[in-house]
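Protein chains in written order, with our numbering: chain A, 1 to 306; chain B, 1 to 282; chain C, 1 to 397; chain D, 1 to 353; chain E, 1 to 353.
I should point out that these hints are in silico values taken from the structure, not numbers from a laboratory.
Keep in mind the model is a prediction, meaning the values are calculated, not measured.
Backbone N, C-alpha and C define an ideal beta-carbon position, used for all residues, glycine too.
Take the hints with a grain of salt, since some may be wrong.
As the list claims (entries may be wrong) - Under the rule of at most 30 Å between Cα atoms (straight-line distance), these lysine-lysine pairs were calculated in the DSS-like manner:
id, chain 1, residue 1, chain 2, residue 2
1, E, K12, D, K132
2, B, K4, D, K12
3, A, K208, D, K101
4, D, K12, D, K122
5, A, K304, E, K12
6, E, K111, B, K199
7, B, K106, A, K22
8, B, K199, E, K12
9, D, K132, A, K208
10, B, K199, A, K304
11, E, K128, B, K199
12, D, K132, A, K304
13, A, K208, D, K12
14, B, K199, E, K181
15, E, K181, D, K315
16, B, K8, A, K117
Unchecked claim - Where chain C lies over chain B, by a calculated footprint (3+ residues, C-beta under 8 Å):
id, stretch
17, 165-179
18, 219-233
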Amino acid sequence: MATATHPDTSQPTGFIRRNRQKLAPWLFLAPGLLFFLFYVIAPIFQSFQISFYQWDGLGAKEWVGMQNYQELVTDRAFEVSLWNNLKWLLMYLLAIPAGLGIALFLNQTVTGIRLYKSLFFFPFVISQVVVGLVFTWFYDPTFGLLNTILESVGLSPINVLGDPKLATYGIIAAGLWPQIAYCMILYLTGLNAVDPEQIEAARLDGAKGLRMLWHVVLPQLAPATFIAFVVTIIGALRSFDLISIMTNGGPFGSTRVLSFYMFEKALSEYGFRMGYGAAISVVLFLIMLFFIAYFLWSMWRQEKGR
Amino acid sequence: MFPKPIEKSSRAAQLSYQGLLPIALLMWLAPLIAVALFSIKPDTDFTTGNYWGLPSAFGGFENYGKVFFQSDMPRYLMNSFLITVPTVIGAVALSCMTGFALGIYKFKSNLWIFFMFVAGNFVPFQILMVPVRDLTLDMGLYNTKTGLVLFHIAFQTGFCTLFMRNFIRALPYELIEAARVEGVAEWRIFWFVVLPLMKPAIAALSVLIFTFIWNDYFWAVVLTQGAESQPVTAGITSFNAQYRAAYHLMSAGSIVAALPPVAMFFLMQRHFIAGLTLGAVK
Amino acid sequence: QDSNLTGTLKIFSDMSNPAPRAVMEDMAARFDAMHPNLTVELTVIDREAYKTQIRNFLSANPPDVANWYAANRMRPYISANLFEDISDLWAEPEIAENLASTKGAMTIDGKQWGVPYTYYQWGVYYREDIYKELGLSEPTNWDEFKANCQAILDSGKKCFTIGTKFLWTAGGWFDYLNMRTNGYDFHMALTNGEVAWTDDRVRQTFANWRELIDMGAFIDNHQSYSWQEALPFMVNGEAAAYLMGNFAVAPLREAGLSTDQLDFYQFPAINPDVALAEDAPTDTFHIPAGAQNKEAAREFLRFVVSADNQTKINAGDALGQLPVNAQSSVDDDEMLNQGFAMLSSNSPGGIAQFFDRDAPAEMASVAMEGFQEFMVFPDNLDDILGRLEQARGRIYK
Amino acid sequence: MSGVTLTQAIKKYGDVQVIHGVDLDIKDGEFCVFVGPSGCGKSTLLRMIAGLEETTDGQINIGDRDVTRVEAADRGVAMVFQTYALYPHMSVEQNMGFGLKMNGHPKDEIKAKVDEAARILKLEDYLKRKPKALSGGQRQRVAIGRAIVRGPEVFLFDEPLSNLDAELRVDMRVEIARLHKEIGATMIYVTHDQVEAMTLADKIVVLRAGKIEQVGSPMDLYKDPDNKFVAGFIGSPSMNFLKGVVSGGQVQVPALGGASLAGPASLPADGSEVLVGLRPQHLFVQAGGDHARLDIRERLGGVAYDYLITPDGEKLVVETRGDEDIAEGSSVTITCDGTQAMFFDATTEARLR
Amino acid sequence: MSGVTLTQAIKKYGDVQVIHGVDLDIKDGEFCVFVGPSGCGKSTLLRMIAGLEETTDGQINIGDRDVTRVEAADRGVAMVFQTYALYPHMSVEQNMGFGLKMNGHPKDEIKAKVDEAARILKLEDYLKRKPKALSGGQRQRVAIGRAIVRGPEVFLFDEPLSNLDAELRVDMRVEIARLHKEIGATMIYVTHDQVEAMTLADKIVVLRAGKIEQVGSPMDLYKDPDNKFVAGFIGSPSMNFLKGVVSGGQVQVPALGGASLAGPASLPADGSEVLVGLRPQHLFVQAGGDHARLDIRERLGGVAYDYLITPDGEKLVVETRGDEDIAEGSSVTITCDGTQAMFFDATTEARLR
Ligand SMILES: Nc1ncnc2c1ncn2[C@@H]1O[C@H](COP(=O)(O)OP(=O)(O)OP(=O)(O)O)[C@@H](O)[C@H]1O
Ligand SMILES: Nc1ncnc2c1ncn2[C@@H]1O[C@H](COP(=O)(O)OP(=O)(O)OP(=O)(O)O)[C@@H](O)[C@H]1O
Ligand SMILES: [Mg+2]
Ligand SMILES: [Mg+2]
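Isolated chain A, as found in the complex:
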């Protein structure tokens, strides 16, 4: 082999060539980063700022300091929203065991199981708007499937979405439907990755059924559980579509959550309080920050662990 093809480096090279390793990442980052800073990061801080103003979104802003927050403390609707958010958080977590249950049920290799799995996953793909509509009809007090069933077994009909005690749970149930499907998929893939030799080892060790699940399988599904937890929490805190479609916050505001309430306050038919809305969203953000921090922290640990 005769000719060497290395570039001649004896001649002086330009700044860019010498520093391309340092410059390159920034050039690649620039478009995405700018976009993101502009549309996501900056607005977060703007929201903080707006929350100190009184503003109807039309005219001039008026500085009111902490007044919006002070009002939040006494605002019953805010309190209701906060409690509902808590309900969402807790109830939504049911999606995790339920998803696991279905995943275990479906984790077989009989013919056609693939189709079953994808059909079970169906609700997740559908827009929450449609899910909301579907469940509204499902709950409909006059002809809804739910009451038809209740009547057929001799129970008295209930108006789920009209009852302030039940409405939130009714919406959560609708939200759980796709969320369970989501968790199910996470667990199905998680189960796929479970080390079969460990299962066999445990089988030799005499672990069976639930004990096997608890002692051997679940620990291995920890990553899936973690992801399911994160997405479920986020889903719960972001819930908006369903409430807006199914009850529009009612009856008399009993199904509001923070994300809906802030929209109502800031942009809905009678809402002209951008500052107040921003204050609500800041509270929501701070709650979420808790989970974001937890997530980043565990990601950071993983990164270090590499």
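On the provided structure of chain A, position chains B, C, D and E with the ligands as indicated by the hints.
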């Protein structure tokens, strides 16, 4: 494999499992099946109170015909495509680059920038609502598909970056080193080496983002109005306003609105699930 | 023919239900035809959505003409300088004379901000056939009203259908009960924040309301329905009447109720000492401050309120409502005639716009939510009133 | 009594039969090693004994119990997996005690047994650690410990050392041998490593395509293989096979310059082909001549391997101890220790004795 | 001229120094192998030469160019990775031609060079295939081909064969040797495999903890190591080290029953301890006696290794060729070939010559 494969248990257990599957599925999808059933019922069934019986006649053509020819649904569908497709392209393109930068290069602020993307992705987007709406108004993009697309791209970039970066991280780093030793310029490494390898990730992400954006309702309501720019999720609500209590039409409309992501899911199932579990966040 | 107008005239309209939509499209077409050099661009937006979107387009991409509502609902846009002051139009004798009755509703801070194009009466629409069957007649006082209701209930039907999912329907009931109990002036004082919600007179209103609720006069689960979703109860004969605006007539007829099945009566007196007052909401056209073609817009407004046009668009086969121009004629329609007669001769107390137009937006939203709650849980009254009072303290500064 | 006996054991996956009627008798306390090329069914056979694969047909006995249809957990066997299969979320102690805990043994008994096993395997210092914090060898020891703790009658190992690096493999191999001596249980061990098989086994079972080719002690197989497959499989570097022609009770080998070797009694008719097997240490090379070309000489210090290519293209490996320096690429003469040659039928590949 | 010279090369990761001032001179055309225990810095050093790791301090020259601060792309070196690092989406041909294409060489020139490399590596039949469709050995050949095509001055290999199975490894080793002979470029090769190092190298560099222990030809290192580390590292099984005591110019070794070995010139004072190194093939065992206990005998067929434990707990490995059968666990006598013994200082571990 856990639980124990059913084919290793008794014949009776196998049969009852096989029997249980469709029943469970029916129960699970009952609300949807009801809607599908609604959508092919003639309207007389609703006035006569035949909600849950079999359709007295097949009214599918009529109902879907109404949806397609006597409402704004086709326009909304078109809008959805015009919003979703550019968003998918934009977000994927941007995040390929950010993912590459964050996944390949070592520099001081790398992890911090990455975390910023991740954190931004998890933010409750309501906190962005007021400023973003304002911003869009100021730029004269309110009630344009462009305004919606730009925001979606920016917001999805957070998630996509998380996804792409982790994917690129999992690629063998030697490939990049090999190319560097061979004297290949950085952008060419990106274009010729990394990008082709990211095809599965791009596919997965594309389907995922497609469904996310297609199903978005909140931002559609905040940033657009009216049939000239709203996507189908918002369209379905005004469609419903138009055909209030006409359940057969509303069902047909809902099904039409839900169909594209469902079709996407079935066509690209493998990618879709890969996307969910790799990026694993919405 | 004034053909100096050039350019385009952008109109945003919320007249999205089938009948109003046709009217609006027709008006735009005619106006377009009248001005050959002018192009009219009409955008019709869903009525509910329009309510949240108006503020966006007023500041972002204002049209030349936009629909809205009278009274307090205009206020936010006026204080934000988003509506054009058109006092000059109102100074023109043509308008000043013929539209005098609605001038008050269009005036804020002594200026006029838009023109009305229609208004309509509220009242009780009922199933004439059911009343006949039960031997009932239109009530003229509170006791008859309740007695009728009891009779209907005894026959296994509900007296009133209503859908309170979108709150404002309950506002209609409150308007009437309060105006019949305490009178127009008190009602206006209340919506203007001058009276405490915990006032005994307010409580009296609710006490009257409660009588109906306790009887079970309203359909069950009304909090789950929109006003349209509540229509079938009346159509199917499960409920005998509906307190609504005149716009409900069209869908009721369309759903199959014939003229001898559907009739109308004025909400009867409760307190004989107060004069009868009515809700008659006025729908309006405005010129956004940022409009491009204000000259054409003004011309369009003149066109809308002209006597001929008013006659035409409010006809029974069009909007089926009442014209605002004194010179135009009311279509010969059973409901319109009754309504017109009622508003012009039998409403000595005054004419209110509607709860959410008379009260500021925020108050309206809090209050109507309270009404809805009261209709389901009347026992919560104290709590509700306390809340409203607290809101009043904050909102009216 | 806890030997293992297989009688006509058969395994089918659907229609594919992977174990073809295996008969095997492993005595109590014996160390039995399964070897064979990849895919020959070693793991499958082991897992059938463990009860992790159903036996399609035939019978498996452990001691005098017929366990063919008994659940894995009840067979009294313990298994050590190639990937260790440790529970990653449990400490070493918990890993080892898990089986006993699942079977409801009291806490202090578990502790005693775990401590004892840890002592045997020198794991005392690591009892509280998670598997992640252990080296490969330590992990493998924990896996063995987990097996020991349950005090099974039979130990099964499926390539337990193949994930370790060369050095550790040697250490662990010696340790397994010592363990066998110490606890004396029956052990069945799957490997594809020559050295492990030779050094550990009391009895080697050579499998090919789901059938047993030969069973015997390591030296038996090395010195007296039944067929070419076993001869080539046992011993490293592998035996060289040269073509030979029978001629007058002798075998002429062209590759050795036509040298004649004394054949065994059962040689086929004159003129028929046979294969001559010669181990690398029984061939010798000298510079000069034209038997073959020295392609590469690999010098490892104490020993060197010469890679030769004969004119017909046959490849030979010769083990050399001396230091003579023959240039790579030069021609050489090959001689052999004819007494050590083995002969195989060219078609059946059976040993000619 | 394209040798490689390192002058006081230093690498730090943060505060941790992993390469401690390495001086090394690799001649043009030389085959240099880096060996050393895991984590000693072999890969790091190689990657510093490649330009994939920044050099913290010191200087690296390729030929007469100072490349210390030159980017990898501009150093004119080619590297072959342990994992092959083939671009999975390109065919073999494209993989090999990629570097040239990216640097703007004309198509037919690329084709010619790729064909030439394919010929050398016998890859002609696979040019259109994707890497996935190749066996491990073929992939490694493609990786080498990719390096060849660019005609670099220096080839770098980082454990190129360790992902291959034993048999293939032998083949590829032979092929790399042949390749070096054929193209004669400078090659630097990292491995932890004894045999590869011994058989391929012109020059072996033994590293320990970021420092060079010794540089020399394979047989030099084997026969004349500078210190105990090198002596123990080179040769397999490793050299045995026994404690000895200097006494009158001789070294008494208790483990050998107090046998005295003739020491070298530079022995320390009488009574001081030294270490005596003896390779396994220079020790001999006889039944009876009390020098040591035969712990385990590993019989591999042609050769056997006896693992002995002396009464002090020292462990010895002895290579045996004969067939005598000494029972495991019995006591034995050890003798040695004293002329082959090496001596090391007990504290510095330096060789006493
Ligand atoms: N679940 C299965 N379904 C079908 N065939 C299988 C299955 N498991 C193994 N086999 C087949 O059975 C045969 C024996 O496999 P087995 O794993 O026992 O081989 P092995 O000797 O252990 O090989 P290795 O040395 O590679 O581990 C193989 O041909 C394999 O393809
Ligand atoms: N990126 C890094 N950051 C910190 N320390 C590192 C890094 N890379 C390597 N090291 C350390 O440098 C030392 C040398 O590593 P190197 O990979 O060169 O070893 P090696 O000799 O190639 O080992 P092996 O045979 O296992 O490949 C090790 O102690 C390692 O822990
Ligand atoms: Mg196997
Ligand atoms: Mg290395």
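The hints, checked one at a time:
no.: 1; hint: K12(E) to K132(D); result: 27 Å, holds
no.: 2; hint: K4(B) to K12(D); result: 19 Å, holds
no.: 3; hint: K208(A) to K101(D); result: 12 Å, holds
no.: 4; hint: K12(D) to K122(D); result: 41 Å, violated
no.: 5; hint: K304(A) to K12(E); result: 19 Å, holds
no.: 6; hint: K111(E) to K199(B); result: 28 Å, holds
no.: 7; hint: K106(B) to K22(A); result: 9 Å, holds
no.: 8; hint: K199(B) to K12(E); result: 37 Å, violated
no.: 9; hint: K132(D) to K208(A); result: 25 Å, holds
no.: 10; hint: K199(B) to K304(A); result: 28 Å, holds
no.: 11; hint: K128(E) to K199(B); result: 21 Å, holds
no.: 12; hint: K132(D) to K304(A); result: 15 Å, holds
no.: 13; hint: K208(A) to K12(D); result: 26 Å, holds
no.: 14; hint: K199(B) to K181(E); result: 41 Å, violated
no.: 15; hint: K181(E) to K315(D); result: 21 Å, holds
no.: 16; hint: K8(B) to K117(A); result: 21 Å, holds
no.: 17; hint: 165-179; result: violated (count 0)
no.: 18; hint: 219-233; result: holds (count 4)
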